[in-house]
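These protein sequences, in sequence, are chains L and V.
Quick note on the working numbering: the first sequence kicks off at 1 and runs consecutively.
Quick note on the working numbering: the second sequence kicks off at 1001 and runs consecutively.
Among these hints, one or two may not hold up.
[To be verified] Which residues of chain L face chain V? A few of them, derived with a C-beta cut under 7 Å, are:
1. Pro-68
2. Phe-75
3. Tyr-198
4. Tyr-202
To be clear, the hints were calculated from the coordinates, so they are not data collected in a lab.
Backbone N, C-alpha and C define an ideal beta-carbon position, used for all residues, glycine too.
Below, each chain spelled out in residue letters.
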Amino acid sequence: MLENFSFRTIVEYLPLFGQGLVTTVWLSVLSFAGALAVGIVLAAMNLQRGRLFRVPAKAYIDAVRATPLLAQLYFLYFGLPRLGFVLPELIVGILALSLNSGAYVAEIIRAGILSIPRGQVEAGVASGMTYVQRMRLVILPQAFKVTIPPLLGQAIVLVKDSALLSLISVAELTRAGQLLASDRFMPAEGFITIAAFYLLLYYGLKGLAALSGRWLGLAGART
Amino acid sequence: MIWQQLQSIAGSYPLALRGLGMTVVLSLISLVLGTLLGFGLGILRTGGNRLISSAIGAWVDLIRGTPFLVQIFLIFFILPELGIELDAFTAGIIALTNLAACFICEIVVAGIRSVPTGQVEAALASGLSRWQRMRQVVLPQAMRIVLPPLVGQYVLLIKDSSVVSAIGLTDLTRVGWLVVQRVPNGLLVFFLVGLGYFIVCYPLIMLARRLEQRMGAAHGEVQI
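Okay, chain V solo, but in the shape it has when bound:
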């Protein structure tokens, strides 16, 4: 019986590949867009304009305070009522990008704030423009703080992409759900689904850990 089930599962490998492809594409697109947007928001938030800064802060809090599933439902069901037609894929990308941007914004803000003010003052005294200060002095130093949690955030993003299966996108989790209707062995089917995510996420978790250790070591050197 197990043999038959394995055969049946093996028979649905084109579907599984499509699901894995959907998960990777969704994660990759929103990862790139979310990083760009997140850095932009983070820089704006530390930029000194109080109105912009608190508006971004309020938005980030709204997103951090509500479940991702509810955000997807809001985007998928309510934007069309406002006259913005969108399919499930676009809704998924918007929701994931927004989520990633908000969390990355917080990471970037923490990174920028970790740079000693003396550095900024020195840059000011050297006559660097605002943009030059950010790009050549602050961001390179902030990256040491930003990088480990940023990679950790990518792992969260890939995992959160599973939630878009709720609006009918055929990602890896949805494929598991479809297969389990035909092959009644949830343990086996979702073990394989989990394995798919594990293969993508585990190397990233290891990378984040290594970056953290390396940064900790660099930190130690400075303190000595």
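Next comes chain L alone, as it looks inside the complex:
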């Protein structure tokens, strides 16, 4: 195989790979923004005393964590049209990634908020702050710091998960590899090239996670 590994074909397909890479990047960015929104809402629900909000949030998080993303993706892809929502594959994919990652983001945010020592809250209460003031001025600024590295870890997971969208024929990076593999019968060229592109994104995000840990002055920052 390796003796006729065709770099020329890879170069020829480079525009296609470039488009795939760009699509993967921006659909990941959109999905991550969606995941943050879903995660913040779920975490807020999960931290309430009352069961009315906490139970559904917990049930949602458990359901997402105990089932594969691919099954969730197919659930939306084959299920949404039945409810009357005929959406493009790309939108379904972004929706699935947001809803899936949102559950993990919720857990990260919750852990971050719970990591703030109780004394901080009590000090806030003793200073006569309201709930909103305590959240905004005491808890969230500190929680924000500890959540950044694990959130970047989740972003890495999300970028890799986005490869599954190729299975509902979204024209992202993995799909570009599949095209080269099937058009020219060159799976090695196709899949090794996209693996290299994914590694590029991985090391980029990993470096960012390490840097953010240093900037935020987290000694034992886990990524």
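Assemble chain V onto chain L, guided by the hints.
Chain V alone, transformed into the frame defined by chain L:
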């Protein structure tokens, strides 16, 4: 209409059982192999030989940095070109085992590094051999750190096994995909598929949570 669909879905239960069986078999085999290999790699990586250690580190990074779907495609389509004939099942097992081994390696390394050096020095001073040190002193203490994420990793492995449906293995996810072609009710079909995974994964998630709490409690005792 719903009734007809339910009947039609119920009619395909032998297929569903086969799919569930495939998911369980795939997960179980690669779970056992991946754990063995992962512990081996983890021990080798902390073993002090810098060349071996960095080679393992580089491989783990390659696997952690690429999507599992791409790894499956690489194994399934490229190994045959290198003259290694393999069917989809073997390719799935290789891909899942490799993935599990790499993540478990990292977990084991973190566990081994959490054991205080004093323990190793004490073992050295007692004249224990390398193997004895590992088996009788380091690993038993490392297991406290290793166990909760290890169970969590098993959950990830079972979920990742759904991706092998992409190379045509008839696992639970693939069965859902086949059934939905005949019964056009994706919500119902994939709700049932999800339920199948949930029944297997949820107890494991609970177990991981309990182990974590128990370990946290044990940790607290030490600090007091």
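Tested hints:
no. : hint    : verdict
1   : Pro-68  : holds (4 Å)
2   : Phe-75  : holds (4 Å)
3   : Tyr-198 : holds (5 Å)
4   : Tyr-202 : holds (3 Å)
Consistency note: the structure conflicts with none of the earlier hints.
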